[in-house]
Amino acid sequence: MGLLPDEAKVLPPPGIVNRNSVWFGLCGWATAMLHNSLNRRPALKAGVHRQALFITVGWFIGYHLTKYENYKYATLDRDMNEYIRLHPNEFPEKERKTFAEIVEPFHPIR
Amino acid sequence: MPLGRLLLRTSAVNKMISRNSFVASKPDPSKPNMLRVGLAFGSTAFLWALLFKQHSTDVHEYKTRNGLQ
Numbered sequence: 001m002g003l004l005p006d007e008a009k010v011l012p013p014p015g016i017v018n019r020n021s022v023w024f025g026l027c028g029w030a031t032a033m034l035h036n037s038l039n040r041r042p043a044l045k046a047g048v049h050r051q052a053l054f055i056t057v058g059w060f061i062g063y064h065l066t067k068y069e070n071y072k073y074a075t076l077d078r079d080m081n082e083y084i085r086l087h088p089n090e091f092p093e094k095e096r097k098t099f100a101e102i103v104e105p106f107h108p109i110r
Numbered sequence: 001m002p003l004g005r006l007l008l009r010t011s012a013v014n015k016m017i018s019r020n021s022f023v024a025s026k027p028d029p030s031k032p033n034m035l036r037v038g039l040a041f042g043s044t045a046f047l048w049a050l051l052f053k054q055h056s057t058d059v060h061e062y063k064t065r066n067g068l069q
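Protein chains in written order, with full-length UniProt numbering: chain X, 1 to 110; chain L, 1 to 69.
It is worth saying that the hints were derived from the structure and are not from the lab.
Possibly wrong hints are sitting among the right ones.
In silico lysine to aspartate or glutamate, DMTMM-like type, Cα no more than 25 Å apart, as pairs [unchecked claim]:
1. X:K94 to X:D77
2. X:K72 to L:D58
3. L:K63 to X:E7
4. L:K63 to X:D79
5. L:K53 to X:D6
6. X:K9 to X:D79
7. X:K72 to L:E61
8. L:K63 to X:D77
9. X:K45 to L:D28
10. X:K9 to X:D77
11. X:K94 to X:E82
12. X:K72 to X:D6
13. L:K63 to X:E104
14. X:K9 to X:E69
15. X:K94 to X:E104
16. L:K53 to X:E69
17. X:K9 to L:E61
18. X:K72 to X:E7
19. X:K94 to X:D79
20. X:K9 to L:D28
21. X:K72 to X:E82
22. L:K63 to X:E69
23. L:K53 to X:E7
24. X:K9 to X:E82
Derived contacts from chain L toward chain X, CB cut-off under 10 Å, selection only [claimed, not checked]:
25. R36
26. L39
27. L47
28. F52
Owing to the predicted nature of the structure, the values given are computational and were not obtained by experimental measurement.
Glycine included, C-beta positions come from ideal geometry on N, C-alpha and C.
Hey, can you work out the whole structure from these sequences and the hints?
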């Protein structure tokens, strides 16, 4: 992990197929197809090596972006839970009523 | 000789540095540049291998640090 600190390794790593990877892969593929069409080549059948390379680069970037995103959200959650733990008076337990107590008695008129 | 005539001599050297329409060739799709294709596919394979290796390292690290294996 290049930009991630050591503690990020405690988090479960994202799967090979993950949201960001798929999206960036598709974007890479769209870029390659656009490159083909702007150079007046058949969009899908030409430059397959270029399409494969762009999809791969997008997938790679997406995987590392997902790892970074997971770490950022995990730190936010940790800080939030730590704050809640240190300030219990700001988070009182609300008393919960069941629906039976709130709802008016039902008198069917048939 | 006027300078213009002298400068015309550079056209032989200039062909290596610049492309003009009398000299340049259009990219020919029927003759792919196999070096570039090979490099593209090679770097594709390399990146996939790197990704799978990184993933397996991450999974191993996760399991070790959380005492699952």
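| message | Hinted pair, alpha-carbon criterion (25 Å max): K72 (chain X), D58 (chain L). Please report holds or violated. | response | Roughly 17 Å separates the two Cα atoms, so the pair holds.
| task | Under 10 Å, Cβ to Cβ, is where L39 (chain L) needs to be relative to chain X, so tell me if that hint holds or is violated. | result | 9 Å, holds
| query | Is K72 (chain X) close enough to E82 (chain X), meaning Cα to Cα at most 25 Å? | reply | The hint holds at about 15 Å.
| CA of K53 (chain L) to CA of E7 (chain X), is that 25 Å or under? | 20 Å, holds
| said: Just to be careful, I want the Cα atoms of K63 (chain L) and D77 (chain X) compared with a cutoff of 25 Å; is the pair within it? | reply: Holds, at roughly 21 Å.
| Distance restraint between K72 (chain X) and D6 (chain X), which requires alpha-carbon spacing of 25 Å or less | The given pair, whose Cα atoms are some 13 Å apart, holds under the 25 Å limit.
| field | Distance restraint between K63 (chain L) and E69 (chain X), which requires alpha-carbon spacing of 25 Å or less | value | 20 Å, holds
| Does the nearest C-beta of chain X fall within a distance shorter than 10 Å of the C-beta of L47 (chain L)? | With Cβ-Cβ at 5 Å, under 10 Å, it holds.
| Under the criterion that the straight-line Cα-Cα distance not exceed 25 Å, is the pair K94 (chain X), E82 (chain X) satisfied? | 20 Å, holds
| query | Does K94 (chain X) pair with D79 (chain X) here, judged by a C-alpha cut-off of 25 Å? | reply | 23 Å, holds
| request: Would you settle whether the hint for F52 (chain L) is holds or violated, based on the nearest Cβ-Cβ distance to chain X being less than 10 Å? | output: Holds, about 7 Å.
| request: Assess, step by step, whether the Cα of K9 (chain X) is no farther than 25 Å from the Cα of E69 (chain X), and give holds or violated. | output: 13 Å, holds
Going through the hint list in order, the structure does not satisfy hints 13 and 20.
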